[in-house]
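Generate coordinates for the entire structure from the input sequences, incorporating the hints supplied.
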Amino acid sequence: MTDDELIWRIAGGSGDGIASTSQNFAKALMRSGLNVFTHRHYPSRIRGGHTYTEIRVSSEKVKSRGDGYNFLLALGDSFARNPKEGAYYGNEEIKPLSENLDELREGGVIVYDSGLLDASEIEDFDERVEANNWHVYDLDLRSMAREHGREVMRNTAGVGVTCALAGIDTDWIEDLMTDAMPEKILEPNLEILHEAYELVQDEYDVDAHDVKVPEGEHDEEQVLLSGSDAIAYGSIDEGCRFIAGYPMTPWTEVFTILCQNFPKIGGISEQVEDEIAAAALAVGASHAGVKAMSGSSGGGFALMGEPLGLAEMTETPIVLIEAMRAGPSTGMPTKPEQADLEHVLYSSQGDSQRVVFAPGTVEEAYDQTRQAFKIAYEYQIPSLILYDQKLGGELMNVPASHFDRDPNPDLGSVLTEAELEDAPHSDTGKYQRFQHDVKDGVSPRSIPGQKGGRYLATGNEHTPEGHIAETPENRVAQMNRRLQKQEAIRAYLDDLEDGHQTYHGDDDAEYGLLTFGSQQGTVEEAVDVLVDQGYSVKSLGVSDMMPYPVEEVTEFLESVDEALVIEMNASAQFRGLTQKELGRYGEKLSSLLKYNGNPFEPADIVEGFKTTIIKGDDLQGLETKFVPAAGD
Amino acid sequence: MSAFNAIGDGRDVDQNEFTPGLEPQPTWCPGCGDFGVLKALKGASAELGRTPDEILLTTGIGCSGKLNSYFESYGFHTLHGRSLPIARAAKLANPGLEVVAAGGDGDGYGIGGNHFMHTARENHDMTYIVFNNEIFGLTKGQTSPTSPKGHKSKTQPSGSAKDPIRPLSLALTSGASYVARTAAVNPNQAKEIIIEAMEHDGFAHIDFLTQCPTWNKDARQYVPYIDVQDSDDYDFDVNDRREAAAMMAEVEDALHEGTVLTGRFYVDEDRPSYQQEKRAIGEIPEEPLAERYFDDSYEWERSADHFLDKHK
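Chains as they are written, first to last, in full-length UniProt numbering: chain H, 1 to 632; chain X, 1 to 312.
Just so you know, the hints here were simulated from the structure itself, not pulled from any lab data.
Please read all numbers here as calculations on a predicted model, not as lab measurements.
Looking from chain X toward chain H, a few residues come up when the C-beta cut is under 7 Å (computed):
| id | residue |
| --- | --- |
| 1 | F76 |
| 2 | A90 |
| 3 | H311 |
Beyond 12 Å from chain H on every Cβ pair, some chain X residues (computed):
| id | residue |
| --- | --- |
| 4 | G43 |
| 5 | K140 |
| 6 | K152 |
| 7 | S158 |
| 8 | P164 |
| 9 | S169 |
| 10 | N188 |
| 11 | D232 |
| 12 | D235 |
| 13 | A246 |
| 14 | A249 |
| 15 | P272 |
As a list, the in silico DSS-like pairs of lysine-lysine whose alpha-carbon atoms are at most 27 Å apart:
| id | chain 1 | residue 1 | chain 2 | residue 2 |
| --- | --- | --- | --- | --- |
| 16 | X | K312 | H | K63 |
| 17 | H | K625 | H | K588 |
| 18 | X | K154 | X | K66 |
| 19 | H | K264 | H | K374 |
| 20 | X | K312 | H | K61 |
| 21 | X | K312 | H | K184 |
| 22 | X | K152 | X | K140 |
| 23 | X | K312 | H | K212 |
| 24 | H | K264 | X | K312 |
| 25 | H | K451 | X | K66 |
| 26 | X | K39 | X | K217 |
| 27 | X | K278 | H | K264 |
| 28 | H | K63 | H | K610 |
| 29 | H | K184 | X | K310 |
| 30 | X | K39 | X | K66 |
| 31 | X | K310 | H | K63 |
| 32 | H | K625 | H | K580 |
| 33 | H | K61 | X | K310 |
| 34 | H | K615 | H | K625 |
| 35 | H | K615 | H | K588 |
| 36 | X | K217 | X | K149 |
| 37 | X | K152 | X | K217 |
| 38 | H | K374 | H | K439 |
| 39 | X | K310 | H | K264 |
| 40 | X | K39 | X | K140 |
Ideal Cβ positions, reconstructed from N, Cα and C, are used throughout, including at glycine.
Right, dumping it as structure tokens:
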């Protein structure tokens, strides 16, 4: 965490355009040369309900949301329920202001729309403002918007006020609005932007506070992307042209991006009757020679267990995407959690034969999605990408050059008709698609419609040509061959120049923070804070969940005295996986868990580490939970 | 140049080509109706000049699922109830394939009922054969979705309290554009109907009555049967949805009253198939998608060129 940063929070009602306004604002700041990172908080409601987006802006690379924030723009909630008619949700109208005060840093700025919000409805508002040295600007943004356009344009007025107070050049906003808005609404929005900006410049002391946007410059062109964008683009660049799915938050984002883009590049997208069908369609398309994917979130993924097992048994390559959300059952649909790790590793009957990656950043999401397809088609095995609403929904700037790669449409281990002529066939003319003794356990496949390639794919145990068989010799030969792929894939991953595990901090550090998936950036920031405070800490973000990177994690754990495992679930699933895979370290690993619906903030980890590992105390009153190492 | 030269081969095909060498003797019980489906499918495929390498036969789980083992072609013996989503994706990926899906009444009308409804609704260009023996055979005789009301079995000891599914009506309501019923005891009609179904451009549903001599001994053997197209007693327009619906209701009632009525009950040649509909709105490429992966000259699109600008 640096002091030289703006963390801007725009709060309002779900359905009031908070997401699009904040996205445009973030992009404008990125274009101006700054690094940005967004964090979304929204309810599972159609319209209304308190929502906010936070944009962290810095001259340095931003990897995480910050601790608290320093600039609040509180807008009205157009769809707030009338508090008089039901007190269950409390006074929703005031929430954009009242719900956001706790995390506002000392010396922070509050801008609120006095046309819709009345601060006097908040208990002790003035006292809190004084105690925290907050700087409050109440402006009638609604009237400003109404005067030039429509009421919903008050978002733009708020952006104009922000620019004036934080020292942001409105040209960046103007350029972006010109790109993003249709002409009809562009004119009034520009008028509102300028009027708000000038009003504040003229009538307020904009230097009464020191929350200012930093200065920055990029040395190469940047793009603003989410993890969902990165997964979708990774799929496209790896030659995937078939997706089947059923809507479910938060997986819907990847599904939507591909449904919208596939027609432009000759791909096929299918919204189908349920997730069983969705995964089965991916299997069917892949079987017929197309690179195919499906995906869902926890509940929908539960329905995919059968087709997933079928893909394993028939060695049909597919990629499945699992966007975790807080469970169990319907859980909290719009809240992030990492509690589907075991669900994804072990669902479906029999011995799991799949690959699971949990990327930690937007770039990793792109890279590992591509790797998932490559491995799936090369080794004829289902590959899964496990992520969550946090990584899926957070936007951050990434160098555009990261995506400047060659496409790879290769279908992997597939034979052509010419190659099939020389391939082994059974006496009856069937191609021996499941041969016992083959390198890395991979027996190349043929595709329906190829001359001389016919075989039977079946979920039953089967002979080399695919006929159902239950003899012990064949069973063991086929099982061993399929399982052999795990070792081959692990060896392949270990040989990669850019491995999937991410190290941060000094090699010689005394303590380790171990995490997986989307918490990686936050953990790295916590390491930086702890090191600044004089602690000897480093971190390892693990992405390979199956096959597990045993050597790398062992080496990391051997190098530290103690390690704290950070994960967003209640049962320490990643720690359990690590102990299972390594067969030891029970006394070395303790857990810091968070499962209240919000991702870790760096301070959760910093305080958690100091309290538990350094002082040896239990956590009191924090939002996180500590589970000590065995024997402690 | 195609990577799939079995498709549209157009050579003369002998129906014995569809008999696999490895497991030529089916393990179905003597007298099982499933033999009738196998024979009719072999005959129809040969008569249409389809070769084993251009047919993709997908099956579910059950006695009917063994069809894959006894019919020589590309085969995918899938999961219980899931032959349809796998079949229709394969057809989308490579429309030149002759795609036939098959399963039992529990498979298609029970556990796979949702897929049946939606595949019919979407009118995928494929043939779906349901082996309807009104019983679960492979699991040894439990009551199935088509078992008559009052049917007693180990899992329905007091007799089923449920009315059976009306498969033909369900297919029609869902959107199938070809709906027929045939019976294993009527091999000539069965072959003709399978030929029509394979030639039909859309979802062709065949409810195929397959007597089970082992677990459904009490049930009728589906003889004598009446072909409604050959009989003067039944007069309805097979192209008219309302008349077809009325006829189907009569046929479904009649089965449980002892009269086996077979034939074509609904044929809609005008409705475009799903593949045609999707191509019309630009959501299926002109060339089969599967061919692209074998086409070395194809310039694969990159996200950096097509989609990254809006993130700048």
